[in-house]
Amino acid sequence: MSAAKPQLNQILQHPAIWRAADGMRGKQWQPLETIATGFHTLDQALPDGGLPCDSVAEILCPHWGCGETELVSSALASLSQQSRWLVWVNPPWLPYAPALRQQGIQLENTLIVHNKQDKDILWAMEQCLASGACSVVQGWPHNPSPQQIRRLQLAAQKGHSLCLLMRPQAHMQQPSPAPLRLELGALQHNIQVRVVKCRGHWGSPWLRLPRHDLEHSAAFTLRTAANKTIPQDQIPQTPPSGAGYSQHSTHSPPGT
Amino acid sequence: MLWACFHFPALALNLVEQGVLTPQPLVVETTRKQRRLVRYANALAHQHGIVPGMTIPTAQGLAQNLNCYAYDAHKEQQALQQLGNWAYEFTPHIRTHGPNNLLLEVSHSLKLFHGQKELAQRLTQQLPPGFKPFSLAFADTDMAALLFAQAHESSNRALFFSLPDLHDYDVQWLDVADAQKNLLYSMGLKTVGQLLSLPKDSLSKRFGMEFSQYLLCLTGEQTAPLPNWSLPQTFQAELDFVLELDNAQSLLFPIRHLLSQLEHYLYARQSAVSTFLFSLLLRNRAIQQWPIELAIPMHRLADIMPLIQLKLEKLKLEAPVLSLQLSAHTFGPISVRQQDMFQRHQPDHITRYQLVDRLKARLGEQQIHSLSMVADHRPEYSWCSATPGQGEALQHPSEQRPFWLLYQPQKLRSKKGLPVYHEPLHLLKGPERIETGWWDNQPINRDYYIAQQGHGQHLWIYRDRDNSIWFLHGIFSQ
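These protein sequence lines are chains A and B, in that order. Counting in the working numbering, the first sequence runs from 1 upward without gaps. Counting in the working numbering, the second sequence runs from 1 upward without gaps.
For the record, the hints were derived by calculation from the structure and aren't laboratory data. Do not take every clue at face value.
Derived contacts from chain B toward chain A, CB cut-off under 10 Å, selection only [claimed, not checked]: (1) P199; (2) S202; (3) L203; (4) A302; (5) H369; (6) W383; (7) S385; (8) L428.
Label pairs and their computed distance ranges (CB to CB) [unchecked claim]: (9) A:S145 x B:S398: 38 to 48 Å; (10) B:V336 x A:H14: 26 to 36 Å; (11) A:P92 x B:R413: 15 to 25 Å; (12) B:A286 x A:P92: 36 to 46 Å; (13) A:S145 x B:E118: 54 to 64 Å; (14) B:E293 x A:M172: 51 to 61 Å.
Using N, Cα and C, we set each Cβ at its ideal position, and we do this for glycine too.
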């Protein structure tokens, strides 16, 4: 019995056999390099357990600020440990330096590019991706065409960088050559996300990911993958007791 | 000792032709006894029948669109200096002789360059473009090499000679005054061999000490100490244009020419440059300065050219350009590309900063920055934009801070004392009182709260205690 198993592996590696699940990877048994998002259910739904390190991941949001930053923040923190740039191109607001530090992102690797025109935004993203000197490029173009997204994909593969393409949800129906597409829903108790398109799988149903409880956490704790797997109801509900913290008030604030 | 001599018979003409973008007939003129004469004529002018020695009006009659340029000895010397800087790659013993000769002592470099023939091939192939015609002669003494090079001018290749070959050459190739050459002819001495067979002391009595010194140097019986070439401390090069240029893109070719001279200079000095200045002399005699700053010192033309091309697209010429000058004063050591053996996909720091340079060149200097923390309790001042790569992280506050900060705090309506942002917000945490900043006239007096919009976004809002207005300042990523 145990002698049969190695034979099965050898048979499966025969070049004449093609399996749908790993047809994309070619004959070599090489898993794609990925970076985990830290959310267990999402990582399981993504092929190879995380965001791909060298292609475009399109994230479609109903409005900015519905949990897309939390989705990628621990991936950003671990990618910033490399000595490569972390680039934000045309962000809707400014990344706040103390908060980045709290998340564990190295500030000396951050790079923010401000410009408003789509052709400049896409040019900057392509230059950053193709150079190989950036680990992740997060961009907010207004309306990229499929050809432009294809160029970004080629640039990301060439420079081995992750491209996070943030687009409004209205563009869901536009065809896109991005190999990974995630859609976010309105933010509630949980972050709602589903995988619209990915390599080798059909996509996933709506997933509910736990959010970090701002209300009941005292001092800030660095987000790690371990914290995020704890379901919502098991997070300790003790009120804060740290010294130097002003009164915790659920009552109404002082009047007008 | 082995000497090589470069002879450039039409150096002044070469310099003028460097500023020409389309081929046209050119002459370089000199003035002798108030008559303007042609000194050098280029190939197109030769086709029209113009020869050196002709008067300028005659030449202009032969070719209508002729351009005449005055002979500039200073520029010729500068060009020889640039050539000397280039030749520094091969040997440190270099000196110039006269207006258009370069003498190199190469016996010590033969081992490095694998022999005389290899060295000669390298010298002819790597000569900077635009200095043809030339001749290169190798001989055992410097004066002999000079004589052979001048005798075989415009051969455009390397020739090897030994001292006995001198004897057959005509006396006109000697490097002495014309009057002395005429005297030699009238005495019946036509070849150098005949001259050298005469007794030395009677020659020195007849022609003077200098003449006999020259002959001793020629035959090698007396040697001068080896010259040492000193590189200038700063770099300056210029290029005059034959026709004024009014399009910034047409400057690309002259810029490349000047930058390649800078590259040779940097290679000779083993240093890299991070700032240099282009000065454009305009038609109205004004000078437009175009400074170039690089994020990291660079020394290769191939690294610098793409950035220059990007910056050239944004350059606006105030008036047509007559000449271009490049100057550089401060240099730094060459930074070596180092790659970590164990980490894949780690770029060297030259690539990182080249990317920043490229982005800045196209999008503007102010649009690209890094983030840095500042020790200040006021949220809008607790961060600042830093030059890329120099973000500083300080101790972060123990309270949570929002991932996104609005560029300007947004005023919120309030309903029954509670803030409203699309819908009434309810406050989760707070207040955190920040009351500070009196020292630079930007005091703030705020109570910060974390508020939630329904069950959705967490927002960072504050209430200004001076006027009880609610503002939205940040958006949490959670």
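Now for the hints, and whether the structure bears them out:
1. P199: violated (75 Å)
2. S202: violated (76 Å)
3. L203: violated (71 Å)
4. A302: violated (15 Å)
5. H369: H369 (chain B) check passes; min Cβ-Cβ to chain A is 6 Å, inside 10 Å.
6. W383: holds (4 Å)
7. S385: holds (8 Å)
8. L428: holds (5 Å)
9. A:S145 x B:S398: 38 to 48 Å: holds (46 Å)
10. B:V336 x A:H14: 26 to 36 Å: Given a distance of about 47 Å, which is not inside 26 to 36 Å, the answer is violated.
11. A:P92 x B:R413: 15 to 25 Å: holds (22 Å)
12. B:A286 x A:P92: 36 to 46 Å: Since A286 (chain B) and P92 (chain A) have Cβ atoms about 45 Å apart, the given range 36 to 46 Å holds.
13. A:S145 x B:E118: 54 to 64 Å: Because 56 Å falls inside the window, the suggested range holds.
14. B:E293 x A:M172: 51 to 61 Å: violated (44 Å)
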